Structures are given as structure tokens and as C-alpha cells.
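**Q** Now for the letters of each chain:
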Amino acid sequence: EAGVAQSPRYKIIEKRQSVAFWCNPISGHATLYWYQQILGQGPKLLIQFQNNGVVDDSQLPKDRFSAERLKGVDSTLKIQPAKLEDSAVYLCASSLDWGNEQFFGPGTRLTVL
Amino acid sequence: AQSVSQHNHHVILSEAASLELGCNYSYGGTVNLFWYVQYPGQHLQLLLKYFSGDPLVKGIKGFEAEFIKSKFSFNLRKPSVQWSDTAEYFCAVNRGGGATNKLIFGTGTLLAVQP
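Top line first, the protein sequences correspond to chains V and F.
Each residue of the first sequence is one higher than the one before, counting from 2 in the numbering used here.
Each residue of the second sequence is one higher than the one before, counting from 344 in the numbering used here.
These aren't lab readings, by the way, just hints derived from the structure by calculation.
Only a predicted model underlies this, so the values are computations on that prediction, with no experimental measurement involved.
Among the hints, a few may not be true.
Derived, one-sided and incomplete: chain V residues facing chain F with beta-carbon distance under 7 Å [stated by the list, open to error]:
| hint | residue |
| --- | --- |
| 1 | Gly43 |
| 2 | Pro44 |
| 3 | Leu46 |
| 4 | Asn53 |
| 5 | Asp57 |
| 6 | Trp99 |
| 7 | Glu102 |
| 8 | Phe105 |
| 9 | Pro107 |
C-beta atoms are modelled at their ideal positions from N, C-alpha and C, and glycine is treated no differently.
Given the sequences, and given the hints that come with them, work out the whole structure.
**A** If you want it as C-alpha cells, here you go:
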């Protein structure tokens, strides 16, 4: 079974630039999550989708971050404009449904200079 | 707000030593508890989970954890570690029966096992 795919794996940008991350969940998984993991901390949920609807985006900085999952499969997370404090690993996870085990992708390591 | 505390940030052990990693959470209601592991260069993966029932949970690779409700704890144990257990370990919690499946993670414990 293929796992959660993410791209790119690494990204370096300058502050105030824009960046987008892509996630392809495990086939058939209805629930998709984006987490932010800052160095030395545990992952923090940014947004959770159930199919193509948002379930929880309470910790998403909506002035600069946006995410979508238009067809209920792939998802993109965008940061515009980026700040230095956005440097982190962005993890995508998926689960069969909202109450099930979450499977994590390899993450995208973002460095903002 | 829910939070998860992992008191050991770095642990160094020799092979065959016993391991116990502490995890405490702050939430008075029903919770589901998890331990995730991240081996060097690999994804986060589930080690074990507790939803209900027997508070002593067994996971993969000989790991186990005990849920002690009165202490709000879910400590991870392994009687004899191996070099291949070198990894970062995360405790996580979510609300049982909640509307979302949001996981609240601790800050992680980096375990180094010396051969």
C-alpha cells in the first residue's frame, strides 16, 4: 500500500516570498491533516479536512496560510507571504475516517531566510 | 487547553538497558492516547495506542505503555532496548469521541542507544 506522498521534500525561500506544498493521501482516506513541526517541538495541527470540507482550522494563521482539498483527494498548503518563524517541517497525514489511525508523510522541510 | 508533557528530552542508554519514557497530559475528559516513533530519516509511525479497556497496551517491537488515569500518565516502557530503537518518540493525545481527530503532541524524547 502506497503511503502519504508529499512534495517538495525541501524548500528554501526568502521572507515575504510565497510557497506551496502538495500532499497526496493514502487512497480512500477521507480525512487529511496538515501539521507544522518547529524544531524542538512536537507537530501542531494546522488544518483538518473531512473529504473536501474543513473540520478544524483553529490554529491556521489565516492571514498568511491557506489550504484546500478541492476534490477530496490531494491537498495543497500555501504560505503567502512567508516569515522567518514559518521555518519548520510541514507534515501531511491521512486517516481512513476521522476516528482512525493517522498515517504520516515524510514532510516538507521549509527554511525561510 | 489540552497539553502533553514529556519530561525527558534526551535519553542515552546502553543496549539491553530498560527504558521508561514519561508522558503526562492535561485533560479531564475521555482521551485516546498514542505513542509515535520517528526513526532517523523515516516518517512518523504509530508505536501503540490506547482507546479503552486494559490500561496496559502492547505495541510493536516489544514496546508497551500503561495508562494511569489518576496520574494523567501514559508512560512508554521496553524491558531491553536495542541499538535499532534509536529514534525520537512522541506522546500524543486526542479527545475521545470528539468532533475532530486532532492530535496534541508532546515535544518528543530523543533516545540514543549505544551498542
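**Q** If a hint holds in the structure, say so; if it does not, say that too.
**A** Hints and how they fare:
no. : hint   : verdict
1   : Gly43  : 3 Å, holds
2   : Pro44  : 5 Å, holds
3   : Leu46  : 5 Å, holds
4   : Asn53  : 16 Å, violated
5   : Asp57  : 4 Å, holds
6   : Trp99  : 5 Å, holds
7   : Glu102 : 6 Å, holds
8   : Phe105 : 4 Å, holds
9   : Pro107 : 5 Å, holds
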